[in-house]
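2 protein chains.
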Amino acid sequence: MKLHEIGEFGYIDRIAKRFEDMSSPGFLGIGDDCAIIPCNDSEDYVITTDLLIEDIHFLKDRITPVELGHKALAVNLSDIAAMGAKPVGSFLSVGIPAETKVEYLDDVMLGYHNLSRKYNVPLLGGDTTKSKEYLTINVGVVGKCLKGSARLRSMAQEDDVVCVTGFLGDSSGGLEVLLHQLPETKDNLHLVRCHHLPEPHVNEGLWLAKHSVIHAMIDVSDGISSDLLHILKASRKSALIDIDKIPVSETLRKVALSQDWDLERLITAGGEDYVLLVTLEANSFKEINTGYKAAFGKDLYQIGNIIAGESCIKWIRNNDEIVLHQIGFNHFNKA
Amino acid sequence: MKLHEIGEFGYIDRIAKRFEDMSSPGFLGIGDDCAIIPCNDSEDYVITTDLLIEDIHFLKDRITPVELGHKALAVNLSDIAAMGAKPVGSFLSVGIPAETKVEYLDDVMLGYHNLSRKYNVPLLGGDTTKSKEYLTINVGVVGKCLKGSARLRSMAQEDDVVCVTGFLGDSSGGLEVLLHQLPETKDNLHLVRCHHLPEPHVNEGLWLAKHSVIHAMIDVSDGISSDLLHILKASRKSALIDIDKIPVSETLRKVALSQDWDLERLITAGGEDYVLLVTLEANSFKEINTGYKAAFGKDLYQIGNIIAGESCIKWIRNNDEIVLHQIGFNHFNKA
Numbered sequence: 592m593k594l595h596e597i598g599e600f601g602y603i604d605r606i607a608k609r610f611e612d613m614s615s616p617g618f619l620g621i622g623d624d625c626a627i628i629p630c631n632d633s634e635d636y637v638i639t640t641d642l643l644i645e646d647i648h649f650l651k652d653r654i655t656p657v658e659l660g661h662k663a664l665a666v667n668l669s670d671i672a673a674m675g676a677k678p679v680g681s682f683l684s685v686g687i688p689a690e691t692k693v694e695y696l697d698d699v700m701l702g703y704h705n706l707s708r709k710y711n712v713p714l715l716g717g718d719t720t721k722s723k724e725y726l727t728i729n730v731g732v733v734g735k736c737l738k739g740s741a742r743l744r745s746m747a748q749e750d751d752v753v754c755v756t757g758f759l760g761d762s763s764g765g766l767e768v769l770l771h772q773l774p775e776t777k778d779n780l781h782l783v784r785c786h787h788l789p790e791p792h793v794n795e796g797l798w799l800a801k802h803s804v805i806h807a808m809i810d811v812s813d814g815i816s817s818d819l820l821h822i823l824k825a826s827r828k829s830a831l832i833d834i835d836k837i838p839v840s841e842t843l844r845k846v847a848l849s850q851d852w853d854l855e856r857l858i859t860a861g862g863e864d865y866v867l868l869v870t871l872e873a874n875s876f877k878e879i880n881t882g883y884k885a886a887f888g889k890d891l892y893q894i895g896n897i898i899a900g901e902s903c904i905k906w907i908r909n910n911d912e913i914v915l916h917q918i919g920f921n922h923f924n925k926a
Numbered sequence: 592m593k594l595h596e597i598g599e600f601g602y603i604d605r606i607a608k609r610f611e612d613m614s615s616p617g618f619l620g621i622g623d624d625c626a627i628i629p630c631n632d633s634e635d636y637v638i639t640t641d642l643l644i645e646d647i648h649f650l651k652d653r654i655t656p657v658e659l660g661h662k663a664l665a666v667n668l669s670d671i672a673a674m675g676a677k678p679v680g681s682f683l684s685v686g687i688p689a690e691t692k693v694e695y696l697d698d699v700m701l702g703y704h705n706l707s708r709k710y711n712v713p714l715l716g717g718d719t720t721k722s723k724e725y726l727t728i729n730v731g732v733v734g735k736c737l738k739g740s741a742r743l744r745s746m747a748q749e750d751d752v753v754c755v756t757g758f759l760g761d762s763s764g765g766l767e768v769l770l771h772q773l774p775e776t777k778d779n780l781h782l783v784r785c786h787h788l789p790e791p792h793v794n795e796g797l798w799l800a801k802h803s804v805i806h807a808m809i810d811v812s813d814g815i816s817s818d819l820l821h822i823l824k825a826s827r828k829s830a831l832i833d834i835d836k837i838p839v840s841e842t843l844r845k846v847a848l849s850q851d852w853d854l855e856r857l858i859t860a861g862g863e864d865y866v867l868l869v870t871l872e873a874n875s876f877k878e879i880n881t882g883y884k885a886a887f888g889k890d891l892y893q894i895g896n897i898i899a900g901e902s903c904i905k906w907i908r909n910n911d912e913i914v915l916h917q918i919g920f921n922h923f924n925k926a
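Residue numbers (the working numbering), protein chains in the order written: chain C, 592 to 926; chain U, 592 to 926.
If you are wondering where the hints come from, they were derived from the structure by calculation, not from laboratory data.
Do not take every clue at face value.
Intra- or inter-copy, both count: the list cannot distinguish identical chains.
Here are the simulated EDC-like cross-link-like pairs (lysine to aspartate or glutamate), alpha carbons at most 16 angstroms apart as the crow flies [claimed, not checked]:
#, residue 1, residue 2
1, K593, E690
2, K723, D646
3, K608, D697
4, K801, D851
5, K801, E611
6, K845, E855
7, K824, E901
8, K777, E841
9, K677, E634
10, K692, E596
11, K593, E694
12, K608, D698
13, K889, E790
14, K877, D890
15, K709, D612
16, K845, E775
17, K905, E749
18, K593, D697
19, K889, D750
20, K723, E645
21, K593, D698
22, K677, E790
23, K836, D911
24, K692, D632
25, K905, E841
26, K884, E596
Let's have the full structure, built from the sequences with the hints guiding it.
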């Protein structure tokens with residue numbers, strides 16, 4: 592059987608099923624942004640890990656080593672943020688092709704270290720090995736949160752509003768710029784920067800998790816059509832999303848128009864924005880948003896609602912319900 | 592600058608130096624078999640991670656997928672064992688080339704699952720992505736131990752005896768069999784089995800860590816000449832090792848003789864045996880060994896002593912001190 596026949600998530604389900612016979616009290620395993628490991632009476636640890644491989648996740652001649660180091664850590668910090676936890680340490684495994692210069696690796700570590708310092712996350716360990724051909728980076732991050740406060744995908748409730756903590760589509764716009772080698776205009780470079788230097792919403796996640804009216808959280812890594820579906824499946828709910836309410840940067844709007852890009856596809860199915868997708872009690876939205884705005888100088892963007900139903904996203908455009916066929920990123924889609 | 596100019600451990604020192612400006616109380620970072628993360632008043636967590644890349648760490652046409660799954664987890668459990676900790680959960684990242692069959696991956700997970708069950712270590716999370724060409728596996732394992740009981744490389748004391756918990760050289764003998772495609776005799780297959788299906792000394796590590804006379808521990812992954820040196824550097828001691836006392840299996844002795852292998856090189860510099868290298872109070876050795884033998888039906892093999900001096904191994908053969916030039920495995924040695 593070929594992998595694309597079952598897809599990335601089918602394969603993960605297959606692994607999870609095999610391990611159903613093993614579990615430990617207080618532990619949460621496969622199926623959320625992070626696993627949970629009990630710490631003490633008042634705290635839990637959360638752990639996530641992400642693998643980046645050259646020519647799959649990045650092109651060495653398009654991303655600078657400093658950006659690569661930043662991004663490798665950022666995507667993991669984003670998973671910690673999605674649990675509402677505080678990152679406390681990271682682990683880095685690197686597989687290095689023989690011809691790689693030490694100076695290149697130093698720059699990777701410079702980007703990694705800069706972001707580590709920003710969120711005060713020490714590097715605690717890892718592994719360094721040779722790689723045959725492709726630079727390979729696996730990062731793991733450990734976070735900490737109050738016991739029971741981690742936000743799970745399964746926590747969405749009917750009538751919750753669905754919000755995101757930032758613009759969608761900029762990162763996949765940046766990828767389009769790179770893939771089509773568009774000229775280095777200010778706008779194009781901004782989008783590429785969003786793709787290469789995503790800012791994990793660690794502080795936003797910590798702030799949100801302090802409020803009990805915040806229910807489910809996930810980070811947008813594969814596009815909301817895919818990531819929201821994870822919440823809906825885990826929570827056994829559906830959602831109504833108003834495409835016109837999805838926050839889009841002026842830059843993306845402008846470049847998409849000039850390049851004749853399918854903007855709707857970029858903002859619903861484009862991945863790697865690493866903003867948080869959050870569901871919260873509808874009648875608390877206004878109060879939460881006021882506090883959030885005071886803390887971060889920006890709005891929580893309300894894009895829809897959780898409704899009853901079995902794991903389906905209903906999309907609204909111009910007040911009409913429409914059917915979208917695009918799906919988010921999946922590593923084993925047929926090319 | 593090229594990587595082989597500074598070597599694997601020079602590169603790790605370079606990374607560790609960059610992160611010297613960050614640390615957290617109760618945490619132990621880079622520099623031991625595992626990092627330590629404080630848990631509660633009476634316990635600590637330890638964490639390790641290892642990256643395996645096709646054609647660097649394994650050849651897909653020589654190792655079966657079931658063996659590969661076993662080995663990927665075993666090498667990490669061995670690091671947990673070297674801390675004297677109990678493994679409590681694992682994380683698995685896999686980078687998968689497009690043409691890989693689901694059945695192959697199922698077999699990898701079968702081997703991984705079998706070993707997970709043996710030591711009751713649930714799989715808690717991970718990442719699955721595409722890989723361009725080489726199957727790539729990163730495993731992380733979390734273990735738990737009594738606070739302050741983790742055995743560090745820095746704990747060796749002068750006059751300690753140095754012991755190992757099993758035969759050395761069998762695994763690198765197995766690698767020789769594979770590389771030279773020797774015939775599938777019973778003896779050759781046994782050595783290959785030692786190379787592909789190492790048994791992590793988890794229970795041995797747990798038993799040893801219960802005794803305060805056990806000082807430093809490390810697992811033998813790169814060969815004792817390299818791994819013992821890690822203990823000596825961290826403890827600022829030297830060691831006197833009697834080559835004639837290194838335990839060698841009858842099988843390896845026989846095959847090495849018939850193939851004219853340099854047996855001394857295999858047992859001092861050959862890696863991947865994943866036995867534990869332990870230092871303990873000399874006058875407790877007899878009592879410890881009696882208890883160890885009762886628990887495991889085998890001896891602790893005493894191979895030498897810790898002596899004063901700055902991080903140097905003195906080798907004895909036939910009661911004469913000799914100089915050995917071989918060094919253990921290092922990923923960035925010049926080919």
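Between copies, within a copy, both or neither: which fits K608 and D698 at Cα up to 16 angstroms? Only across copies: K608 and D698 sit 14 angstroms apart there, 41 angstroms inside one copy, limit 16 angstroms.
As a check of your reading, is K801 near E611 (CA-CA no more than 16 angstroms) within one copy, between copies, both or neither? Answer is neither; intra-copy 32 angstroms and inter-copy 32 angstroms both fail.
Measure nothing new, just compare the shortest in-copy and cross-copy C-alpha distances for K845 and E855 to 16 angstroms and report within, between, both or neither. Within one copy only: 13 angstroms inside, 70 angstroms across.
When no copy is specified for K884 and E596, does a C-alpha distance of 16 angstroms or less occur within a copy, between copies, both, or neither? For K884 and E596, the Cα distance exceeds 16 angstroms both inside one copy (45 angstroms) and across copies (52 angstroms).
Within a copy, between copies, both or neither: which one fits K723 and E645 at a CA-CA cutoff of 16 angstroms? Close inside one copy (12 angstroms) and across copies (8 angstroms); limit 16 angstroms.
How do K801 and D851 come out at 16 angstroms by Cα distance, when the copy is not named: within, between, both, or neither? Close neither inside one copy (42 angstroms) nor across copies (68 angstroms); limit 16 angstroms.
Within, between, both or neither: K836, D911 at alpha-carbon 16 angstroms: within (13 angstroms within a copy, 81 angstroms between copies)
Identical-chain pair category, K905 with E749, by Cα at 16 angstroms: within (14 angstroms within a copy, 71 angstroms between copies)
With identical chains, the pair K709 and D612 could be close in the same copy or across copies; at 16 angstroms between alpha carbons, which is it: within, between, both, or neither? between (40 angstroms within a copy, 12 angstroms between copies)
K593 and D698: within-copy, between-copy, both or neither at 16 angstroms Cα: For K593 and D698, only the inter-copy Cα distance (14 angstroms) is at most 16 angstroms; the intra-copy one is 38 angstroms.
For K608 vs D697, is the C-alpha pair at or below 16 angstroms within one copy, between two copies, both, or neither? between (41 angstroms within a copy, 12 angstroms between copies)
Reference check for the pair K692 and D632, CA-CA at most 16 angstroms: within, between, both, or neither? neither (47 angstroms within a copy, 45 angstroms between copies)
Of the hints listed earlier, those the structure fails to meet are numbers 4, 5, 19, 24, 25 and 26, in rising order.
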